[in-house]
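Between the sequences and the hints, there should be enough to build the whole structure, so can you do that?
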Amino acid sequence: MSEPQEMMLLEKHDLVGVVARLFAEGYRLVQIGCSTLPTAYELNYSFDKDYRFKNLRITAAPGEEVPSISMIYANAFLYENEIHDLFGLPVTNISIDYGGTLYRTAIKTPFSIDNIKFPEPPKAKSGAPAKEPGKTKEPPGSPPGQED
Amino acid sequence: MARQTVIPFGPQHPVLPEPIHFDLVTEDERVIDAIPSISYVHRGLERLIEKRDFIDFVHVADRICGLCSFMHCMGYCQAVEQIMGIEVPERAQYLRVFWAELSRVHSHIFWLGVAADAFGFESLFMQSLRLREVVLNIFEETTGARVILGMCKVGGVRRDIDAESLKGILDRLKGLGNDLNELCGVFINDYSIKHRLVGVGQISKEDAYKLGCVGPMARASGLALDMRVLGYGAYKQLDVEPMVESAGDCYARCLVRIRETFHSIDLIRQAAGKIPDGPIDLKVKGAPEGEYFSRIEQPRGEVIHYVKGNGSRFLQRFRVRVPTFSNIPAMIKVLKGSEVADVPNIILTLDPCISCTER
Chain A
566 MSEPQEMMLL EKHDLVGVVA RLFAEGYRLV QIGCSTLPTA YELNYSFDKD
616 YRFKNLRITA APGEEVPSIS MIYANAFLYE NEIHDLFGLP VTNISIDYGG
666 TLYRTAIKTP FSIDNIKFPE PPKAKSGAPA KEPGKTKEPP GSPPGQED
Chain B
-6 MARQTVIPFG PQHPVLPEPI HFDLVTEDER VIDAIPSISY VHRGLERLIE
44 KRDFIDFVHV ADRICGLCSF MHCMGYCQAV EQIMGIEVPE RAQYLRVFWA
94 ELSRVHSHIF WLGVAADAFG FESLFMQSLR LREVVLNIFE ETTGARVILG
144 MCKVGGVRRD IDAESLKGIL DRLKGLGNDL NELCGVFIND YSIKHRLVGV
194 GQISKEDAYK LGCVGPMARA SGLALDMRVL GYGAYKQLDV EPMVESAGDC
244 YARCLVRIRE TFHSIDLIRQ AAGKIPDGPI DLKVKGAPEG EYFSRIEQPR
294 GEVIHYVKGN GSRFLQRFRV RVPTFSNIPA MIKVLKGSEV ADVPNIILTL
344 DPCISCTER
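Residue numbers (this note's numbering), protein chains in the order written: chain A, 566 to 713; chain B, -6 to 352.
If you're looking for bench data, these hints aren't it; they were derived computationally from the structure.
Check each hint, because a few of them may be wrong.
What the hints assert, rightly or not - Capping the alpha-carbon separation at 20 Å, the derived lysine to any residue pairs in SDA-like fashion look like this:
id	chain 1	residue 1	chain 2	residue 2
1	B	LYS329	A	SER660
2	A	LYS577	A	GLU607
3	B	LYS203	A	SER660
4	B	LYS203	A	THR604
5	B	LYS198	A	TYR616
6	A	LYS682	B	ARG312
7	A	LYS577	A	THR604
8	B	LYS267	B	GLU157
9	A	LYS619	B	LEU223
10	B	LYS160	B	LYS267
11	A	LYS682	B	GLU43
12	B	LYS203	A	PHE588
13	A	LYS688	B	SER305
14	B	LYS278	B	SER305
15	B	LYS44	A	THR670
16	B	LYS326	A	ILE637
17	A	LYS673	B	ARG40
18	A	LYS688	B	GLY279
19	A	LYS688	B	ALA280
20	B	LYS326	B	GLN195
21	A	LYS619	B	ARG312
22	A	LYS673	B	ARG36
23	B	LYS278	A	PRO684
Stated by the list, open to error - Derived list of chain A stretches under chain B, where covered just means 3 residues or more per stretch with a C-beta under 8 Å from a C-beta of chain B:
id	region
24	576 to 584
25	589 to 596
26	608 to 619
27	634 to 648
28	668 to 674
Glycine residues also receive a C-beta, built at the ideal position from the N, C-alpha and C atoms.
Spelled out as C-alpha cells, the structure:
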C-alpha cells in the first residue's frame, strides 16, 4: 500500500512561517532530513497529523545559512545539529547548539558535496535526453511545487 | 541554593551497556539538567550506498540493528518497491508481518529481562531470557539465523514457511503466551517493581506529542500512534489496535510493552489464519528512480527509511530516522526533575537502541 506523501517546495525565507502554521494546526515534527545534490543541499521537513504525512522542501547552497525551527518545534534541535555536523550546513539560532560536537566523525562533514560520490545516471538510450545527475522523479502522490 | 554537581552517566553503565552518555547536572539528589552525547560509534552505514547497489544494500539495512534487523530491512525494501512500483506477492507480505511481529515479541521480552536486571530482579531477568529463546528458536528454524535474519529482499522474501511448520509455531506461541502470562503477572503486580516504576519519569500526552515521541513511549502517555494502522504489508488485512496507557510513567511504558507482546502473538495468529498460497517473490528489473519515505512501526516506534534513486543501480540517498533519535528530546525532558537513583530506570523504560541511532 502506497502512503500518500505531500511535498511542498518552499523558498528558504518562507520556511519558518509555514512551519509555524503547521505547528498551530497540530502537526507533529516527524523528522528533518538532508540530501546532497551535485551543487546544493536539499532539506526535507516531515510532519504528521492523524497519519497524514506532509513534507516541506527547501534547497540551500553550500555555506548558505538555514533558519532553525527549534523555537517552534523543540525537538528540531537534534536534527539541525545533525545536519550541521554531517553536511556542514550552518543552521542559525538552534535552541541547543552543540557547536559541531554532536557527531564524532573520522572526516569532517562526511555528507558534504566535497565528500559524496554521486552515482552515474543510467546511459540514455539513443534519441532520449540524458538525465542530469541528482535529478529524480517526485515522490508518489506529490504534484511538484504543490502549495495549499 | 544547593551546589550543582555534574555526574557523568555512560557511555558504559552497568544498566545500559550501550554507548550513550549523559552529563547529569544535579542539585543534591535531583537532576536539574541532562545533556546527551551520542555518536561514540557512528558507523556511517547510510554512505555505503556508494559501494553497494540497491539490491546488495538490503544486507546493510539488515545490519543496522540486531533487535530490529528484520524491520529495517523491510522498511528499506518497502521504500524501493514503492519507487519501482513493485507489487509484492500477498504471501510474502504475510510472511513479512509474521517475522516482523516475532521480532517485536522477541524485542519486548528482551526489554522485560533487561528491565528486571536493572531493578535487581535477577531471577525475573533469567526467566525472561529463557522465554525469549522460544522466539529465537523459531527464527532459527524458519530463517537459519537467530539475530540477523536476512529474509527480506526487494520484491518479496527469501524463504517460505509451510503449513505444517506454521501450525507447530502457533502451538509453541500458545505455550509462550501462557508462560508470559505468568511472567508478566510479576511485572504487573509485584510490589517492589511498582515501587520503582509507578509515578517515575512521567511525561504528559501534550509533551509527548510536542517533543516527537514515538512507539511505546508515546502510547504510554496516551497517544494512539502506531504506524501499523497505515496498513502497510499485510497489516491492512489484520485487526491492529494501538496499545495505549495514560499515566505516562515508567510503569505505563512497561504495561504497554507487555500488552503489545500479547497483541503481536495475536497478530501472528491472525496472519497464519489468512495467509494465502502463492509465490513469495518477484523478479526485479530496472533500478529505482524517484524517492519515497517509508514509515513502519518497529518495537521502539515509528522508523522512517528515505530512499532516493536516479535510475542507476546505486542510490543517491538513503536515510534512516530511527525511533530512539526521535525519543531523545523527550528523554531529556523526563530526566529533568527526576531523582538520580531513578535515572537508570527512566532511561531503560524508554528503551533506547544506540545501535540504530549510530547507523
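Here's how the hints hold up against the structure:
The suggested pairing of LYS329 of chain B with SER660 of chain A holds, with an alpha-carbon distance near 17 Å, which does not exceed 20 Å. For the given pair, LYS577 of chain A sits about 11 Å from GLU607 of chain A by alpha-carbon distance, which is consistent with the 20 Å threshold. Taking the CA atoms of LYS203 of chain B and SER660 of chain A, the gap is about 15 Å. The hint holds against a cut of 20 Å. As the CA atoms of LYS203 of chain B and THR604 of chain A are separated by approximately 34 Å, the hinted pair breaks the 20 Å bound.
Proximity of LYS198 of chain B to TYR616 of chain A is assessed by CA-CA distance (about 17 Å); at most 20 Å being required, the pair is judged to hold. Taking the CA atoms of LYS682 of chain A and ARG312 of chain B, the gap is near 16 Å; set against the 20 Å cutoff, the hint holds. For the proposed pair LYS577 of chain A and THR604 of chain A, the alpha carbon gap of about 16 Å is at most 20 Å, so the pair holds. Only pairs whose Cα atoms come within 20 Å are accepted, and LYS267 of chain B paired with GLU157 of chain B is accepted, the gap being roughly 15 Å.
Only pairs whose Cα atoms come within 20 Å are accepted, and LYS619 of chain A paired with LEU223 of chain B is accepted, the gap being roughly 14 Å. Among the hinted pairs, LYS160 of chain B with LYS267 of chain B is consistent with the structure: their alpha-carbon atoms are about 13 Å apart, no more than 20 Å. Proximity of LYS682 of chain A to GLU43 of chain B is assessed by CA-CA distance (about 7 Å); at most 20 Å being required, the pair is judged to hold. This hinted pair checks out: LYS203 of chain B and PHE588 of chain A have alpha carbons roughly 9 Å apart, not beyond 20 Å.
For the given pair, LYS688 of chain A sits about 9 Å from SER305 of chain B by alpha-carbon distance, which is consistent with the 20 Å threshold. Distance check on the hinted pair: LYS278 of chain B and SER305 of chain B sit about 12 Å apart at the alpha-carbon level, within 20 Å; holds. Taking the CA atoms of LYS44 of chain B and THR670 of chain A, the gap is near 19 Å; set against the 20 Å cutoff, the hint holds. Of the pairs offered as hints, the one joining LYS326 of chain B and ILE637 of chain A holds, with about 16 Å between alpha carbons and a cut-off of 20 Å not exceeded.
The suggested pairing of LYS673 of chain A with ARG40 of chain B holds, with an alpha-carbon distance near 14 Å, which does not exceed 20 Å. Proximity of LYS688 of chain A to GLY279 of chain B is assessed by CA-CA distance (about 13 Å); at most 20 Å being required, the pair is judged to hold. Annotation: proposed proximity of LYS688 of chain A to ALA280 of chain B holds, straight-line Cα distance about 13 Å (limit 20 Å). Only pairs whose Cα atoms come within 20 Å are accepted, and LYS326 of chain B paired with GLN195 of chain B is accepted, the gap being roughly 9 Å.
Pair hint LYS619 of chain A plus ARG312 of chain B holds up; C-alpha atoms about 17 Å apart against a cutoff of 20 Å. With a C-alpha separation of about 14 Å, the suggested pair LYS673 of chain A and ARG36 of chain B falls inside the 20 Å cut-off, and the hint holds. With a C-alpha separation of about 18 Å, the suggested pair LYS278 of chain B and PRO684 of chain A falls inside the 20 Å cut-off, and the hint holds. Remark: the region 576 to 584 of chain A is not confirmed as covered by chain B, as 0 of its residues place a Cβ nearer than 8 Å to a Cβ of that chain, below the required three.
For the region 589 to 596 of chain A, the stated coverage by chain B is satisfied: 4 residues place a CB nearer than 8 Å to a CB of that chain, which reaches the threshold of 3. Taking a C-beta to C-beta cut-off of 8 Å, the region 608 to 619 of chain A contributes 4 residues in contact with chain B, enough for the three needed, and the coverage statement holds. Three residues within the 8 Å Cβ limit are the bar, and the region 634 to 648 of chain A against chain B gives 5, so the coverage statement holds. With 3 residues having a Cβ less than 8 Å from any Cβ of chain B, the region 668 to 674 of chain A passes the three-residue criterion, so the hint holds.
In summary, the numbered hints that this structure violates are 4 and 24.
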